[in-house]
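Visitor: Start from the sequences and build out the full structure, keeping to the hints where you can.
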Amino acid sequence: MILGYNDDLKRYGVLDFDLWVKGKEGLNCGQSLEVFINGEWVKDRIERKNDGTWYLVNNNQICGTGDYRDSIEGLKVRFN
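With the UniProt record's numbering, the residue at position 65 of the sequence shown is 65, and numbering never jumps.
Take the hints with a grain of salt, since some may be wrong.
Here are the simulated lysine to aspartate or glutamate pairs, EDC-like style, with alpha carbons at most 16 Å apart [as the list claims (entries may be wrong)]:
| no. | residue 1 | residue 2 |
| --- | --- | --- |
| 1 | Lys76 | Asp44 |
| 2 | Lys76 | Asp16 |
| 3 | Lys24 | Glu47 |
| 4 | Lys24 | Glu73 |
Computed Cβ-Cβ distance ranges for the label pairs, DEER-style [to be verified]:
| no. | residue 1 | residue 2 | range |
| --- | --- | --- | --- |
| 5 | Asn80 | Glu47 | 16 to 26 Å |
| 6 | Lys76 | Lys22 | 17 to 27 Å |
| 7 | Gly26 | Val57 | 13 to 23 Å |
| 8 | Tyr5 | Arg78 | 24 to 34 Å |
Keep in mind that the hints were calculated from the coordinates and are not lab data. Cβ atoms here follow ideal geometry from the backbone N, Cα and C, with glycine treated the same way.
Guide: Pasting the structure below:
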């Protein structure tokens, strides 16, 4: 499963191949998830700034500066 921006809902959701995962079509701020980074699963959560930018809270190597949506798009994710 990967993160993808859902234009209809104006938020990130989870895709399995090219289909939205039922119940995960649009994630909410504070949603906990695990992200596959540097060969391991790490716990994180997704948040949204007032300007509409989505980002991962605990992974500065992904968030950095600039348009966070580009760096989040396509990341492998899973849920407990």
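Visitor: Run every hint past the structure and note whether it holds.
Guide: Here is what the structure says about each hint:
1. For the hint pairing Lys76 with Asp44, the CA-to-CA distance comes to about 12 Å; that is within 16 Å, so the pair holds.
2. Between Lys76 and Asp16, the direct Cα distance comes to roughly 10 Å. Compliance with the 16 Å bound is thereby established for this hinted pair.
3. Using a Cα cut-off of 16 Å, the hinted pair Lys24 and Glu47 holds, with the two alpha carbons roughly 15 Å apart.
4. Under the criterion of a C-alpha separation no larger than 16 Å, the hint pairing Lys24 with Glu73 is consistent with the structure, at around 15 Å.
5. At about 18 Å, the CB distance of Asn80 to Glu47 agrees with the hint of 16 to 26 Å.
6. The hinted window of 17 to 27 Å between Lys76 and Lys22 holds, with their beta carbons roughly 19 Å apart.
7. In this structure, Gly26 and Val57 meet the distance hint of 13 to 23 Å, their C-beta atoms being roughly 18 Å apart.
8. At about 19 Å, the beta-carbon gap between Tyr5 and Arg78 misses the expected band of 24 to 34 Å.
The structure fails hint 8 only (numbered hints given earlier).
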